[in-house]
Each structure stands twice: as C-alpha cells, then as structure tokens.
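Trainee: Each chain is listed here by its residues.
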Amino acid sequence: MSGPIAGGTESGEAESDNTTELDQVPGLPGLYRQALALAARRRMGREDAPSYLPDVQHVVQGVTADRAELTRFQHLLRSAVRDQLPSAYLHTLAFPVAMSVLARPDFPLPLLGMVHLSNEVHQSRQVGASEHLEITARAEDLRAHPAGTQVDLVTEISVDGERVWTGRSVYLARGVRIASGTGTPDAPVRPAFSPPVPTGVWRLDAGTGRRYAAVSGDWNPIHLSRPTAKLLGMKGAIAHGMYLAARMVDRAVPAPSGAIDWRIDFHTPVPLPGTVTTSFRRSDEDGGRIDVVGWSTELRRPHFTGWVHPDRNDPDGPTTA
Amino acid sequence: MADQAHAQTTARSPRTAVVIGGNRIPFARSGGAYAYSSNQDMLIAALDGLVARFGLQGERIGEVAAGAVLKHSRDFNLTREAVLGSALSPETPAYDLQQACATGLETVVGLSNKIKLGQIDSGIAGGVDSASDAPIAVSEGLRRVLLDLSRAKTTQQKIRILGTLRPKDLSPNAPGTGEPRTGLSMGEHQAITTAAWQITREAQDELAYRSHHNLAAAYERGFFTDLMTPYRGLVKDANLRPDTSVEKLATLKPVFGKELETPATMTAGNSTPLTDGAAVVLLGSEEYATAHNLPMLANIVDAEAAAVDFVNGEEGLLMAPVHAMPRLLARNGLTFDDFDFFEIHEAFAGTVLGSLAAWEDEDYCKRVLGLDGALGSIDRSKLNVNGSSLAVGHPFAATGGRIVASLAKTLSEQGGRGLISVCAAGGQGVVAILEARN
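Keeping their order, the protein sequence lines are chains X and P. This note's numbering puts the first sequence at residues 40 to 360. This note's numbering puts the second sequence at residues 72 to 509.
Since the hints were derived computationally from the structure, they do not count as laboratory data. Only a predicted model underlies this, so the values are computations on that prediction, with no experimental measurement involved. Backbone N, C-alpha and C fix where the C-beta goes; we use that ideal spot for every residue, glycine too. Careful: at least some of the hints might be erroneous.
[As the list claims (entries may be wrong)] Cβ-Cβ distance ranges computed for the label pairs, FRET-style: (1) N244/P with G275/X: 37 to 43 Å; (2) E179/X with H363/P: 43 to 49 Å; (3) Q227/P with L270/X: 41 to 47 Å; (4) I207/P with G275/X: 31 to 37 Å; (5) D240/P with D323/X: 53 to 59 Å; (6) S144/P with P89/X: 56 to 62 Å; (7) I207/P with A78/X: 20 to 26 Å; (8) D240/P with H171/X: 50 to 56 Å; (9) G293/P with D199/X: 22 to 28 Å.
[Said to hold, decoys possible] Short, incomplete list of chain X residues facing chain P, as computed with Cβ under 7 Å: (10) N57; (11) T110; (12) A119; (13) V120; (14) P293; (15) A294.
Model the full structure from these sequences, guided by the hints.
Mentor: In structure tokens form, the structure reads like this:
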C-alpha cells in the first residue's frame, strides 16, 4: 500500500503539473509505516527534511462509501442509519488522502506525533451513500506556532465537478522550528475556563479508541491502549479527535437536510477511559448555530469547544481560501 | 343511501380528521437489505421521507405515535427517540403503542381521535418492525441468577448463587410468534381456522397470486411514487414476485397444519414472510392542512376494536375483526354495499378467506355475531386492489400505516368509501372506515 505514494513513479499514480492522481484511497496503516521509515531515515541523517511545503495536491476519483462500514460507523456514533453520509464520515473517507500528503518524502513535518488542533468544515449539501466522490487534499500555510510549527491540511470533496464538502484541519508539529521569516509568536494568554451549565455527559470506556479505529480505519496507536500509547511517549490512550467531532456534529444536528458547517478546537486530550461533560446550547448571537463545549469537571479544563451550524447556505463557506 | 350515511358519519364528530399523506420504506425480507438496521433506524428513515415530502423540517407536530411489536427493552421510548433523531422539532411529543399487528392502525385511530377532539391539530402515526434485528434475551434461569447476584453481599453468597446456574441457562431466548397462552404459533392457529372454514389450497393460492399481481400493477402505474422513500438500496418491496403464478404457488409444500386430520393447505406462498420495514402517516385537522397548504386525501371516519376467546377454542385466533366489523357498520349505519374498497390485511390467505366466509355465513352470523342474518359478501374486485401483505410483506407494526396511506390515496384518486380490517396476536383486531373528501 505504501508503494504508490512513496515511490513516486510506480503505477497507480499519475503526476501532471502539481496534481498527483492516486488510483485509490491509500490505506492508513501503510501510510503510518511509510512515515515511520521516513522519520527513521531523517533521524539517521540519511535524508533532510525540506523547509517548505511541496506544491502538490493529491486526488482520488470515484470514491464510494462501503455501506456495511458506514452502518458500523453510524451505529457506533449512535446516529440513525441513513442513506446519507454523516459530515464527519466524509472526513473519515477523505482522511487517508490527506494523510498521503503528509507522508510524502518531501513533506517537511513528521507525520507521526503531530497534534490535531482544530477542524472546520463547510458542507453545501447532503451527500448520498452511493454518490461517487472526488477527493482532493493539499497542505497550506506552513507557519510558526508558540510550541512548534503548524500547517493546514485542506481537503475537498466534489460530486460531478460540484464541490460539496471542504474541510480544513490544523496540525501542530511540536518542537519543530522550520518556518522561516515569521519568528516565534508568543503563546496567547488563555482566559480562565468557566464551565457552562452541563447538558450531558459522555462516558467513554477503555475500548472507545479501538472501536472507533475499527470503523474509521485510523489505528493510530495513541488511541488503542495504554501500552501502545506509551510506546509513543503518551501517558495513556486518548480518544480520537474525530470521534469527538463526529459525536458533536450528530448530537447537535441529528437530521441535517441541507448545508451544514461545523468547527471543533481541541484543547486537552480526552483520556480513555474518561468522562467528558458536555454543553450543547443555541447561540445567543445566531439562533441557527449550536455552540458546544466538552470539558473535564475534574481538571476544570475544556477538552474541546466547537459549533455546528445547519442550513447557513453560504456557498463559498468560511474555509475557502 | 350513501349520502345519508355520509351525513350521519361526519355529523357525529366534533371536527374532521384527515389523512394528509404517508411514507414508508420498501419492505425487506428478514435478513435482507435491512439486516443491520434497527427499529429506530427504520422509523427515522420513514419519518425522514415524510418530513421531506411535506416540508416538516423543524415543525412541531401535535403528537407522534408509533410502535414496534418485536422491541428491545432499551427502546422503551422508541418513538420519542426517533423524533429526536429526525428533522422534526425536538418539541414534538411522542408515545409508543403496541397492539401486535394492529399497532399501526391503532396509532392512526388514537391520533385521529385527538384531532377530532381538538386536542391536537396534527399527528404522525405509524409503526416499525424488524425480524432481522430482533431482541434476544438471556434465559429466565440466567436472568434470575444475575438479579440475585446483584443483590448478594458476600463472596459466599455469590458463589452459592453461581452454583445454581445450569448449562441450559446459558442459551439465549429469541422471540417467537407463538401465543403465550396456547403455545401454538400464529400459523398453527390459523391452520385450525382455515380447516374449520374449509378454505381450499387453491383459493388461498389464488388470493396470494392476486396480491402479487395487484402490487406489481400498482408499481407499474407509479402508485407508490409519493408513498415511499428508497432505503439502503431497496426501491421496491423485496418480497414482490411479479412473475408468480397459481401454478408456481401450487408447487410449494405446506408448512402449517400438518398435524391436523384435514389436509394441510398453508404454504410459504400463501402466508406472509418475516419482514423488516416502517411506515408513517401524516394526519391533521382540515384547518391544519389548509393553513399549511397540504393535501387532504381522505377522512378518518370511525374505528372499532374487538377481541375473541381463542384460548378456550371459542373462536379462531385471528377472527377478532370479524366480530368488530358488524359493530362498526351498525354504529355508522352502513353495509358492505356502501364501500368501494376493502383492505383486509393478509396475515395468511386463510385469514382473509375465513373472514369473508364467516361474514357470508348466515348461521355463523346469527349464532356467533348475534345478527339477524349474514353480514354480507365482499366483491373480490374491490379487495386489496393495490396488493396486500402476502406480496408486500408484513413488518408487524408497520402494516397499519401502509394500509391507511395506500387506501387514503386510492380514495383521493377514485372517490368512495374504504374499509380496513387488521387482525392481531392475542385474539385481537381493529377495523376502520375511511371516506373520500368529495
């Protein structure tokens, strides 16, 4: 699986200008292995990491959802088994294509160990389970962060040439300083967190990460168990950010019928097993928007904050550059 | 006569309850397209289509009533949970109802009564059932042990309680269609009735053939286009066999009644298969429909439930509608001749034919129903004109909603009056009258 992307000239890939067309969605385990090998070569000094982003986008045509996998995803999130794809599931389908950009030998940041800071999605209409999707992914805006270097991963999904879903994920490579010219910004002063009135609680058992890995294909070891997370320097397993996002979007708008926009910012990882206290509330400023907070009552710190806004009907959306 | 009766029936109600429209998902055979969909999934899918068809996004409906016959204990608030999972306003109240196969029709009756009384202006009635995703319970022995364990205080007590567990306690209990008080399955009960009324194999196969033929023709002319939303790749009822024939049906081996003295006549072809599906109906007052610019397909006139003593063999298990019918007709001053369409749920071909035979039998009608003579006969060309459960399939609680929506649409197209009859487990049955608007 790692061949087509790493090799660059093997079959399964057609390069034209700055677009690399993959013949299928790559497998995440292969991408992780490829990233591991690249990290090892760089550590041994056999390969230097470049200091700029590759000017390239990866494209996969004709992607369709597997109905059985979709059903398992919907059941795990306890959302209704519908013939339309949950907005977060579109992210799951596109995620390996985005990861394949990060796993390129000419990508400057180490894929493994990158921290997912936020996700913002604009979706213009609901997507049916049998529609054929074109998935495009590219990296943008390499820039300094108080704790390292951050980069945006932009993923677009189109049906018959019409863009229906755009996602922008921000990742941080902690401790990596390569973005030139901008200097290191100061860490922003975070206002003290005052928890809102809770509206619910998510009790996540130790198997949450393994079950989400099984339906999303994201077997990143930091989500699976304490021993595998410790191998990667974590104290214990943490929940997938996209699991929290998928649950947030489905709880806020269980039956989207048109456009849907949402954003999630990750603050403190959710340990597994763990308990997340949640607040879902209609925004005071904009009644169409649901504001969400997930936090730890024990630590008095937010795990994530976000919002979900159905039917906003803004064709370009906030994420389009 | 008909006009006079019409005046009588509508004059009684404080106000009129109308069928605005319906929606269902195609019915799948058990273990088929919906094998991994739960009751809640399918009920939401049926609601989704109704919401889309009538623009109900964010609408607060007066009340939603639905149910499932095979229901997991975790689905205690099934209908309310389905509402919360739908695009309806979360401020829409909902309740669950269960009356075996009459569930769907009874939700229509209950909500239409509330509309007539002015308690609500709109309602969504329906039902869902999955034979594929059926709840499986632990055995009674294991359940007892687990409950005792949860109350035990010392390790010694726990060990003693665990010691009472027997290997057979570990096998789970799957739900069956057996009657709790008789131990007979529904098919075995019907076989007794079928034999008692001397319903022939040929007559049953003929009815099954007509059901498939009528359903296929209804699809052919696009009758279901605005009554159905595809789901999980299914666009038509999976049980439909458009090319079946009386000859083909005649080759099937009998499955019920083999232990009786009389020849067994009931086959998989003239009995309904286990099915998965959901159906919902949008009801409202005339004022609600007008204010929301919605169609009015038919009026819900009246309904009657009945139950019979099948435990002591006084009557057949599925014969309760036979008893409900004369009471409903008398109260509304109507006879069979006043009706243009009859929807008699085909639990088994023998159920329909047994009911028709009973209503035509002068001696039975006098002796058992207390009438002056035979109730009357039903013109077969007016019976189940768009097919019924033998062809469509029968996800128990979904059948009532399917029938009400189909009949209301037929009445809106062709006018006249329609009669519904649904039999149910426990020796129960519900019958109802629908009437065209003009």
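Trainee: Determine which of the earlier numbered hints do not hold for this structure and return their numbers in increasing order.
Mentor: 7 and 10
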